[in-house]
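Participant: Sequence:
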Amino acid sequence: MWQFLAVTLLMGINLLTLPFQVIPMILGGLLAAFFIWTNHLGERYKWWLGGVWMLLAAVIMVFILSNRELTSDMQVTVSMFSFLASGWYAFKHYRRENTPT
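Using the working numbering, the letters of the sequence shown map in sequence onto residues 208 to 308.
Just so you know, the hints here were simulated from the structure itself, not pulled from any lab data. Glycine is no exception: its CB is placed at the ideal position from the N, C-alpha and C atoms. Misleading hints may appear alongside valid ones.
[Said to hold, decoys possible] Listed next, with one range per pair, are the computed distances between beta-carbon atoms: (1) Val229 to Val266: 16 to 24 Å; (2) Glu276 to Leu248: 33 to 41 Å; (3) Leu223 to Trp244: 24 to 32 Å; (4) Ile220 to Arg251: 16 to 24 Å; (5) Phe227 to Thr306: 31 to 39 Å; (6) Ser273 to Leu225: 17 to 25 Å; (7) Val229 to Asn305: 32 to 40 Å; (8) Val229 to Phe298: 41 to 49 Å; (9) Phe298 to Glu276: 27 to 35 Å; (10) Leu216 to Arg302: 13 to 21 Å; (11) Glu276 to Arg302: 38 to 46 Å.
Based on the sequences and whatever the hints tell you, model everything.
Facilitator: Printed below as a string of structure tokens:
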């Protein structure tokens, strides 16, 4: 849980240092929402979640490698996605650890 919380904190600081751009932030938010929804469905229906992580990593790598250099739009999108997805995972693990069984 702490590693997700650390990533959330560092990505939040990174987002504060980047220039405010609405469209890349919305795109990062939508990617995070899709990722969280896919993970939720994967847990509910017992799908293999490693495939989701590999697919997402491949998509991010294709975006990064296709541009050759990371533009500020792409930085904001990846940072926003990392911030939201890591925050969600930290919250999820916190709830799982503190839920009485």
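Participant: None of the hints should be skipped; say for each whether it holds.
Facilitator: Hints versus structure:
1. Taking the beta carbon of each, Val229 and Val266 are about 22 Å apart, inside 16 to 24 Å as hinted.
2. In this structure, Glu276 and Leu248 meet the distance hint of 33 to 41 Å, their C-beta atoms being roughly 35 Å apart.
3. At roughly 27 Å, the beta carbons of Leu223 and Trp244 sit within the given window of 24 to 32 Å.
4. The hinted window of 16 to 24 Å between Ile220 and Arg251 is violated, with their beta carbons roughly 33 Å apart.
5. In this structure the supplied range 31 to 39 Å holds for Phe227 paired with Thr306, their Cβ-Cβ distance being about 37 Å.
6. A C-beta distance of roughly 21 Å is found between Ser273 and Leu225, which places it inside the suggested range of 17 to 25 Å.
7. At about 36 Å, the beta-carbon gap between Val229 and Asn305 stays in the expected band of 32 to 40 Å.
8. Hint check: Val229 to Phe298, Cβ distance near 25 Å, so the stated range 41 to 49 Å is violated.
9. Separation of Phe298 from Glu276 is about 34 Å and conforms to the stated range, judged on CB atoms against 27 to 35 Å.
10. Under the hint 13 to 21 Å, the C-beta atoms of Leu216 and Arg302, about 19 Å apart, fit the expected range.
11. Between Glu276 and Arg302 the beta carbon distance is about 39 Å. The supplied range of 38 to 46 Å therefore holds.
Of the numbered hints stated above, those contradicted by the structure are hints 4 and 8, listed in ascending order.
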